[in-house]
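There are 2 protein chains.
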Amino acid sequence: MAKSDVKVLGSWPSPFVMRARIALNIKSVNYEYFEERLREGKSELLLKSNPVHKKIPVLIHGDKPICESLVIVQYIDETWSSGPSILPSDPYERATARFWAAYLDEKWFPSIRTIGMAQGEDARKAAIAQVEEGLVLLEEAFGKCSKGKRFFGGDQIGYLDIAFGCFLAWLRVTEKMSGIKLLSEANTPALLNWADRFCSDAAVKDVMPDTEKLAEFGKMVIAKMRGAAPPK
Amino acid sequence: MAKSDVKVLGSWPSPFVMRARIALNIKSVNYEYFEERLREGKSELLLKSNPVHKKIPVLIHGDKPICESLVIVQYIDETWSSGPSILPSDPYERATARFWAAYLDEKWFPSIRTIGMAQGEDARKAAIAQVEEGLVLLEEAFGKCSKGKRFFGGDQIGYLDIAFGCFLAWLRVTEKMSGIKLLSEANTPALLNWADRFCSDAAVKDVMPDTEKLAEFGKMVIAKMRGAAPPK
Chain A
1 MAKSDVKVLG SWPSPFVMRA RIALNIKSVN YEYFEERLRE GKSELLLKSN PVHKKIPVLI
61 HGDKPICESL VIVQYIDETW SSGPSILPSD PYERATARFW AAYLDEKWFP SIRTIGMAQG
121 EDARKAAIAQ VEEGLVLLEE AFGKCSKGKR FFGGDQIGYL DIAFGCFLAW LRVTEKMSGI
181 KLLSEANTPA LLNWADRFCS DAAVKDVMPD TEKLAEFGKM VIAKMRGAAP PK
Chain B
1 MAKSDVKVLG SWPSPFVMRA RIALNIKSVN YEYFEERLRE GKSELLLKSN PVHKKIPVLI
61 HGDKPICESL VIVQYIDETW SSGPSILPSD PYERATARFW AAYLDEKWFP SIRTIGMAQG
121 EDARKAAIAQ VEEGLVLLEE AFGKCSKGKR FFGGDQIGYL DIAFGCFLAW LRVTEKMSGI
181 KLLSEANTPA LLNWADRFCS DAAVKDVMPD TEKLAEFGKM VIAKMRGAAP PK
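Taken in order, these protein sequences are the chains called A and B. When we follow full-length UniProt numbering, the leftmost residue of the first sequence carries the number 1, and every step to the right adds one. When we follow full-length UniProt numbering, the leftmost residue of the second sequence carries the number 1, and every step to the right adds one.
Since the hints were made in silico from the structure, they are not lab data. Treat the hints loosely; a few may be bogus.
When chains are identical, the list treats them as one kind, so a pair holds in a single copy or across two.
[To be verified] List time: in silico DSS-like cross-link candidates among lysine-lysine, alpha-carbon distance up to 30 Å:
#	residue 1	residue 2
1	Lys107	Lys55
2	Lys7	Lys176
3	Lys48	Lys147
4	Lys125	Lys27
5	Lys224	Lys149
6	Lys107	Lys42
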């Protein structure tokens with residue numbers, strides 16, 4: 001097989017990197033994956049490719065770097081027709097998918113992070129309430145977007161599936177570490193089933209991190225953030 | 001003229017509302033504009049149309065509400081072909097425009113806000129440095145995107161022109177209030193000329209707020225934020 005002219009610079013625990021990889025898998029695009037050793041220092045290629053933010057993921061197509069995960073997913077959708085469309089074709093459905101993707105990044109995922117990082121019990125409870133409230137909104141959005149089909153995007157994984165689904169491993173880690181079921185049959189039955197379908201999809205399963213391994217990584221990050229020794 | 005089925009819920013000092021209005025102007029779409037009286041309480045129509053964020057702008061097309069300014073601009077571009085394209089046609093150029101638009105909203109404009117709101121001199125100086133650093137990056141981006149033409153989008157105002165240009169009135173207010181030239185012939189000559197062209201464009205000039213009026217509004221907001229009486 002010819003060497004691919006597509007590269008992804010990433011790090012395995014990053015939900016944002018997963019977005020780029022899933023989108024490439026959906027389009028059956030071969031790519032070289034470079035795992036950044038972030039603790040040992042960012043690679044020259046990363047610093048050169050994303051000089052503004054110096055962050056992963058970066059997609060490099062030929063000699064062109066593309067940064068920011070949702071920008072990357074849209075670029076992949078607009079560049080390769082070798083697989084189903086990722087964005088819906090209807091402008092209103094596209095707007096709806098983009099709206100929820102922005103909500104997830106700006107409001108919902110920061111609350112997930114806060115659950116793990118919160119110093120006090122009140123802050124932790126407030127963050128859990130925000131995450132749960134968001135899941136109820138997303139359960140309702142699933143009904144409207146999927147129209148009875150398997151994914152937000154219909155029969156196939158689409159933009160909002162990718163935007164939301166990439167957070168499922170961290171959601172499961174948060175459930176495990178906090179002892180609280182965030183996705184449940186009682187409150188979010190549609191999302192609970194969607195999450196299983198998403199994680200077992202052929203485009204997803206090989207890039208979705210193992211919950212146990214990610215939980216270990218999460219504990220290490222929290223310990224570091226709190227300036228404490230890692231738990232024994 | 002038939003009553004328009006397009007509405008914009010907005011507030012005159014909001015740069016984000018301006019984005020929606022400029023995009024509609026570019027496409028020659030007639031719309032009804034509703035000025036929200038935010039201090040007197042948000043309208044029922046706003047609360048119903050944007051229940052998640054309860055924020056302006058909202059575009060209402062028929063009975064469909066679309067929220068978040070950059071989502072709205074893309075919706076307008078994808079829905080009406082009655083004017084030039086707003087997003088570039090090339091996927092890499094689209095990705096570049098989306099990247100800088102996200103940078104402006106997430107990094108650059110928050111620093112502009114900080115200049116006005118900062119409590120201490122150190123925080124204010126740091127914010128000014130961030131804004132200036134951002135302008136140098138954007139000056140460089142202008143060279144790459146415009147390819148010698150009048151706008152980031154080429155011969156016509158495009159997505160990144162709208163995303164950035166909507167902040168020009170607040171940039172001028174910040175210059176006026178801080179006494180510092182942020183756009184200058186020495187550091188950002190291309191942006192300085194671009195800003196004049198943007199503000200005098202037919203799609204922009206009627207929705208760009210007057211600097212004096214906006215500065216008065218800005219003083220009032222800062223006084224309110226600091227819990228002090230308005231300056232005399």
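Please sort Lys107 with Lys55 into within, between, both or neither, judging by C-alpha distance up to 30 Å.
Both. Shortest intra-copy (20 Å) and inter-copy (14 Å) distances satisfy the 30 Å Cα cut-off.
Give the relationship of Lys125 and Lys27 under a CA distance limit of 30 Å: within one copy only, between copies only, both, or neither.
This pair counts as neither: shortest intra-copy Cα distance 41 Å, inter-copy 47 Å.
When no copy is specified for Lys48 and Lys147, does a C-alpha distance of 30 Å or less occur within a copy, between copies, both, or neither?
Answer is between: at 22 Å across copies they meet the 30 Å cutoff, but 43 Å inside does not.
Alpha-carbon proximity context of Lys107 and Lys42, limit 30 Å
both (28 Å within a copy, 21 Å between copies)
At 30 Å max between alpha carbons, let me know whether Lys224 reaches Lys149 within a copy, between copies, both or neither.
So Lys224 and Lys149 fail the 30 Å test inside a copy (42 Å) and across (49 Å) alike.
How would you label the pair Lys7, Lys176 (within, between, both, or neither) given a Cα cut-off of 30 Å?
neither (33 Å within a copy, 46 Å between copies)
This entry does not satisfy hints 2, 4 and 5, going by the numbered hints stated previously.
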